[in-house]
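The primary structure of each chain is shown beneath.
Protein chains: 8
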Amino acid sequence: MRVEELRALLEEVRDGRVDTAKAHERLTSAFREQPFEDLGFAKVDHHREIRQGFPEVILGLGKSPAQVAAIAAEIVSRKHSLLVTRADEPAWIAVREQVPNAEYHALARCITLRGESTPGKGTIVLCSAGTSDQPVAEEAAVTAELLGNTVDRIYDVGVAGIHRVLSQRARLSAARVVIVVAGMEGALPSVVAGMVAVPVIAVPTSIGYGASFGGVAALLGMLNSCANGVSVVNIDNGYGAGCIASMINHL
Amino acid sequence: MRVEELRALLEEVRDGRVDTAKAHERLTSAFREQPFEDLGFAKVDHHREIRQGFPEVILGLGKSPAQVAAIAAEIVSRKHSLLVTRADEPAWIAVREQVPNAEYHALARCITLRGESTPGKGTIVLCSAGTSDQPVAEEAAVTAELLGNTVDRIYDVGVAGIHRVLSQRARLSAARVVIVVAGMEGALPSVVAGMVAVPVIAVPTSIGYGASFGGVAALLGMLNSCANGVSVVNIDNGYGAGCIASMINHL
Amino acid sequence: MRVEELRALLEEVRDGRVDTAKAHERLTSAFREQPFEDLGFAKVDHHREIRQGFPEVILGLGKSPAQVAAIAAEIVSRKHSLLVTRADEPAWIAVREQVPNAEYHALARCITLRGESTPGKGTIVLCSAGTSDQPVAEEAAVTAELLGNTVDRIYDVGVAGIHRVLSQRARLSAARVVIVVAGMEGALPSVVAGMVAVPVIAVPTSIGYGASFGGVAALLGMLNSCANGVSVVNIDNGYGAGCIASMINHL
Amino acid sequence: MRVEELRALLEEVRDGRVDTAKAHERLTSAFREQPFEDLGFAKVDHHREIRQGFPEVILGLGKSPAQVAAIAAEIVSRKHSLLVTRADEPAWIAVREQVPNAEYHALARCITLRGESTPGKGTIVLCSAGTSDQPVAEEAAVTAELLGNTVDRIYDVGVAGIHRVLSQRARLSAARVVIVVAGMEGALPSVVAGMVAVPVIAVPTSIGYGASFGGVAALLGMLNSCANGVSVVNIDNGYGAGCIASMINHL
Amino acid sequence: MRVEELRALLEEVRDGRVDTAKAHERLTSAFREQPFEDLGFAKVDHHREIRQGFPEVILGLGKSPAQVAAIAAEIVSRKHSLLVTRADEPAWIAVREQVPNAEYHALARCITLRGESTPGKGTIVLCSAGTSDQPVAEEAAVTAELLGNTVDRIYDVGVAGIHRVLSQRARLSAARVVIVVAGMEGALPSVVAGMVAVPVIAVPTSIGYGASFGGVAALLGMLNSCANGVSVVNIDNGYGAGCIASMINHL
Amino acid sequence: MRVEELRALLEEVRDGRVDTAKAHERLTSAFREQPFEDLGFAKVDHHREIRQGFPEVILGLGKSPAQVAAIAAEIVSRKHSLLVTRADEPAWIAVREQVPNAEYHALARCITLRGESTPGKGTIVLCSAGTSDQPVAEEAAVTAELLGNTVDRIYDVGVAGIHRVLSQRARLSAARVVIVVAGMEGALPSVVAGMVAVPVIAVPTSIGYGASFGGVAALLGMLNSCANGVSVVNIDNGYGAGCIASMINHL
Amino acid sequence: MRVEELRALLEEVRDGRVDTAKAHERLTSAFREQPFEDLGFAKVDHHREIRQGFPEVILGLGKSPAQVAAIAAEIVSRKHSLLVTRADEPAWIAVREQVPNAEYHALARCITLRGESTPGKGTIVLCSAGTSDQPVAEEAAVTAELLGNTVDRIYDVGVAGIHRVLSQRARLSAARVVIVVAGMEGALPSVVAGMVAVPVIAVPTSIGYGASFGGVAALLGMLNSCANGVSVVNIDNGYGAGCIASMINHL
Amino acid sequence: MRVEELRALLEEVRDGRVDTAKAHERLTSAFREQPFEDLGFAKVDHHREIRQGFPEVILGLGKSPAQVAAIAAEIVSRKHSLLVTRADEPAWIAVREQVPNAEYHALARCITLRGESTPGKGTIVLCSAGTSDQPVAEEAAVTAELLGNTVDRIYDVGVAGIHRVLSQRARLSAARVVIVVAGMEGALPSVVAGMVAVPVIAVPTSIGYGASFGGVAALLGMLNSCANGVSVVNIDNGYGAGCIASMINHL
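Chains as they are written, first to last, in our numbering: chain W, 1 to 251; chain U, 252 to 502; chain E, 503 to 753; chain H, 754 to 1004; chain X, 1005 to 1255; chain L, 1256 to 1506; chain D, 1507 to 1757; chain B, 1758 to 2008.
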């Protein structure tokens, strides 16, 4: 209930057009109103686009293909953009039947259906350290592009051959915000952040073995970065990085 | 050596005003030139303000008062803003002698001397969950203010009494970027991020006991946030959060 | 041997109806008596219902289908309620042959056969944060229902969209005890506990990825809750939560 | 604003005794009203007693003596019971000046001033494993007593001499809820929970050395308890256990 | 080279029956002699039975069936007892062809061929906490029996029903050494050690879920045992426990 | 109540010398009888010597000097041997007043008063890896000697100079049981266990820095020992090792 | 651009043979020049052989067979030696088609094609503790041999039978650098480093179970080695050790 | 006993100049001879210089000043070089009395007395990332210099200002071996190793806060380095790095 509705209701009460019992009921009901659709196993949040600038997103992990497809159908029915992350083949098959014009990004493991989106103000530069970090990087890219951003991908520029990233200084300087994806020792964000004057979103990946501990080494490296401007998201959370970068790029 | 200097030099060579030996020496020397002052134990980075939009900052932790004061004097001599973080009483005494008009923020454990700074475009809202999180929150605030930002502090609004943060909806909505500081379970960033449409920088603190493990519980809570727009910095890293928020607020 | 039996025995000895050797033997044997059935690989505890208010429960994890079925048959032969948790398909097939009228709850991975049970005094409200937490939540629900409780399920009300849980205030207020199931950052129990005046049993789930570390992030979040009334059980331990909630609801 | 106030207001509007502008203002203001006192560094929650059955409690850890005393004075000014936990000597001295009739429990490290409280329905039995666990146990006892409960203390009954706890069967059976405090291997809650039919709140302590890891061994032992009815709070969190036990004892 | 051989050699040199070059060569060669058979990928230690009282044992984990079979054949060729632990079906098939009269213990995952062994002096009592701990317990039992010991198995006597282990006091008292196998919270060794006056070898198992962390909770519980006489071996190391118990039982 | 007392009582009942009410009372009381002295904050276990072959031992850690002295006095009053471990200077001063003929072992941080003890059957050999491991080694030695054992100390024989431990082969061979104390990488028990045919009790110490993690590296090294016969106690638990070694040496 | 090229260019400008625009362009382009081939998903580093003495190596882990084969083909096209580590069967099949004369080392999981290499100055001795450590040891051996070194393999000489490694003193003394591969407690490097005067590269392996934590126990053991000359690489990183040993052996 | 002594002895036996009893005794005694001095609490290893190329070094940590001084005196009495690491002020005072011409390096916390040493073949370059890493770096430098090496220090060249380390390319290229000391994210060794063709010894330091976990973040970063040639020593182990670098520099 917006302020105008409240004022109108009170005037109707004053004028006797609405009795107090009815007004009481409408006010009470307004407090109870749910800004979401309840599917039983899930409450689809239709106001999120208004509140946060982008629609509810489906994390495929731990949901059955049928659940993913049902939530996807509900979202699309409201004309929202659709994004399913961590979507495996069976989830894609289930969604495709409900949302025939959806698209599957196999490397990024994402399902999308692009609705309208406000274009971002600048370019998001996306760096990754190694070839194996690509799935996570692509999840970030697909997310950012769906939300209306231009993404410039700079892949395989890990710090062990420092000239590779140094040679990209021009493209980096053109960024309004940078996403850096890296596994193993996770040192790339520190180097990149020292080269630019814009925020760097660091994404540790689970790429590595032994004492990489599934991405913990990279995560710790990024949290302890001695460079300015580095903030960090969860291991392998390409979606989160894409989403934050888009928020910044739309400010 | 800027592009213009290079062009000028080449023209001088062509015109015979500079011989090749001399030009060779100048080019070689340009490659070698260090954009920092070497104090032996420290290399003060005088180009950082140009590269990154703010000056070199001194982390007081692990440096002797004499070292802190020497670096501070070097920075101030170039008319840069001064910021020393994690500065205890002895460091402050040592700096005060070298930089008499510096200021000490005891709660934030920071020493500052404000130079010129470009004003940020909007307001940085700074929330903290509990009274004990204040030192870290103030480090973020002092940093952001030194860098030219307006900071709106909302303190002691932890999630256990959810009405406290809900009652601040209006101030939160006015933010261009939000910093959320919380120890213990670190749940506040998730709730705040669900209420705003701008980036949230989450700062875990070491406040807590037992299974808080010096801030690890809060850190993990924030990294695993299911809300959009949350990125995380190191435990107790108020400075880092203030710095990133300022970068975003100047975009 | 109850007090009355002891007194009777002593009177028989005094009256010469039982000689001392026999009495000695009976007393000694009473000390040795086992309140359980020994199946070799398992000792089924038939007195647990008397001691603790509910029967022995079978944790399916790490037992062969044949072992599960044999223990189940032994329990049912004594007219006790049957509950097998973490029961996969093969365990269900094996039990079904021994206990034809048993029931399988596929989502909750539980096998039950309902015996008599004392009704709980109030309602157990069961909240879960996300769709993927449902299997654990259902394990709690099946357990509590088997033990005679009414369960009110409120699913998918994670803190990232705080209005979802706030809109359930009325149902929460009606609870005599609340179970909150959440993975990832595990912040929901803190918020719920701030809204009610009854005990909250928090169940972390292994849902999440990266730095959720198989439920550790949620576990730590819950242990560090700054809200009153939150106690915690093991990761994914829906059964334990259902059982404690039932105990409290029967007080 | 309660339901009755809302109904009265609407009737006044209908009858013309209050005009719509005024009514609009009062309704809007009701939504804005803060159920807490803002001290700047802290927001004292005066409605918590209504919402949760006991007053706001001050965690002394990480607060200055002056801050503790100011919050204490504010709480006492509203005639609420006062409880400060983790209060060291300086905090006690500061509070004593503001609240002269407060009491200091040195072993429990608590400051209290007892207001009115509803008596609990039964007895809370409080067991501890070793002499060194007493400070944590006493924090739980002081909390529970302040909240109106009778506490029966059974100390130094660790499992290494199992006859010690077995000899307390009668007192344990008389409990409506049991708190078990233990460090080192934390095995006592499992044994106690097997002897009673009521909920057991387990409190791991940081007592131990080497691989006890500051209470982690005890915490893990308790979370993995194979006994029914055990839920766990944070390491050394005597207050939390006392509070939950009181909630249960007042149902 | 034994002392007697050395003396004889020196006398031969003195008497001129052996020249110094020859003697020098024999002494040098004695220093170089290898008390093991080199299979290239493995050095089978044939002197271990002399040095340590039992033969070289094969840990099946991480070896190919062919490697296991080759080492087994080499051991059996010297008339030593054979023990392969962590032997899966393929290893058993490979060994059976090389050592036709070997025996497979499927539950214990061991292959044995019993040679001569000195009988132990007393009884080894072997307790386990739950049905799922049996494979590890059986590995201990098979090992101890192969080494000449009598083993008394007491299974499924976890501390949650403390009367189960208390009812076994007589059998426990008859032990010369006790092995206790337990997963989850690992509390059984503490209770058993409080009931006997002989050494207790505690074996944590990986049985459990969530915060059992693959046996870490049980391991920590056992290391922190406040009972006397408890020492601990690696998680799931039934073999190690059986071997130590046998050493003690042969003293 | 022993078996003979029970038989006598029953005969008295039969003969009418004791009436059934009296007999009933005596039997009931026997069940209730506590084999410990209750000091309020501690229950001193006077039957432990009978049950386990050595008296109750006081862990000084976390107890006040007054508590330590009171328990010590109680133990000595029953003519038991006294052992206080982790006893600092203030504890020693407090005990000395209550137990004037007690002895303080400063390096081992132990207080003892030697009562009667049965001599062990053989020698306990005690090896330590480095000079800094001595306090823990001495705690083991003092414990074992108090319990009637002969201890042969072999100190500073770490594996980095392998000839040092190899040169002690004769003394090692004379052991009935070996205790090995080592910090840092904790490799000494593996080497020693390969040289002897008797049980090895391994004690990790907290000596080291960096990735020794307060003894965790040594603990893990010992738990993973590939040598036969090694069992492990808690980090720095010299007392525990001395006690187990004594148990074995008295078999 | 080398120093000679720069000098030549400047002379051409002076002499008017090259105009300043052209010279400017060439200098600028020299700064931009990439010493790598960009395959889109990977940047193959063709200058690494010049910079570091050996060619770019492909870590097979996390790359698709097609990606591995494409990078391999690119490397071979430049006449560089080829090394793919962590190469499974499908990767081998894919590479074999692109590089027909490549070789597959199944045990070491490596693909190689040997180009020219400078012979190392001495011998690399490679020790492993157990049979199961062989795959990692072979990865080190294959790497070192490809880089021109002679490798002397000493396998299965774990410390539990210390005479096995002691008997290899002569071969160890002949080493210019030693690689020691060990899982479980990881004690072998300490012993070996005490026997030689050359650097020891320690490689922990993930061989073990329970508290070996996938190689962490071995890693910590090696990092805490009290012997001189031990440095450590990542768990299972045979390649890294081979590469470092070759660097040292070519000095 | 050397080969020549053995041959001489045998010839004397043959010639009757030494009888067999005497020869037997001498041979036996040679086996028993200890190549170390036993101070009771320490065995000073006088043959280490022969075996390993440098003398026994004293780790001051955990030793009393008196113990340090006694071992120092013993070492100096044999004309060996003296090195005490982790030496605090009291240790220095105690040593100074025994070894008047010793020298104290306060920043490096080392005591030295330089004996003869063979000069290393090249230069050891020593880089550190930050000012606070200096004490560890200096420990490495003092060690390497004592062992006869030339050390070129490059301090405060952390990766956040990548131009600082890039500007040192010439000095780095002149190294025969490089030591890199870094705390926080520990990224510097990866960058440096990509710039040189010689071995890099990486030393993580405990400098940092929060999620640096006392150097663990840096340690993991270094172990996971994707650059070739990096091996790692324990956190803060400057001595170890200096020692290995010296070994390599003397090959």
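Honestly, the hints are just simulated from the structure, not real lab data.
Heads up, some of the hints might be wrong.
What the hints assert, rightly or not - Here are the computed lysine-lysine pairs in the DSS-like style, where the Cα-Cα straight-line distance is at most 25 Å:
id: 1; chain 1: L; residue 1: K1334; chain 2: L; residue 2: K1277
id: 2; chain 1: E; residue 1: K623; chain 2: H; residue 2: K874
id: 3; chain 1: W; residue 1: K22; chain 2: H; residue 2: K775
Would you check the hint for E:K623 and H:K874, treating anything up to 25 Å between C-alpha atoms as holding?
-> holds (15 Å)
Distance restraint between W:K22 and H:K775, which requires alpha-carbon spacing of 25 Å or less = Since the Cα atoms of W:K22 and H:K775 sit roughly 20 Å apart, the hinted pair holds (cutoff 25 Å).
Compare the distance between the alpha carbons of L:K1334 and L:K1277 with 25 Å, and conclude whether the hinted pair is satisfied.
-> violated (33 Å)
Comparing the model with each numbered hint stated earlier shows that hint 1 is the single one that does not hold.
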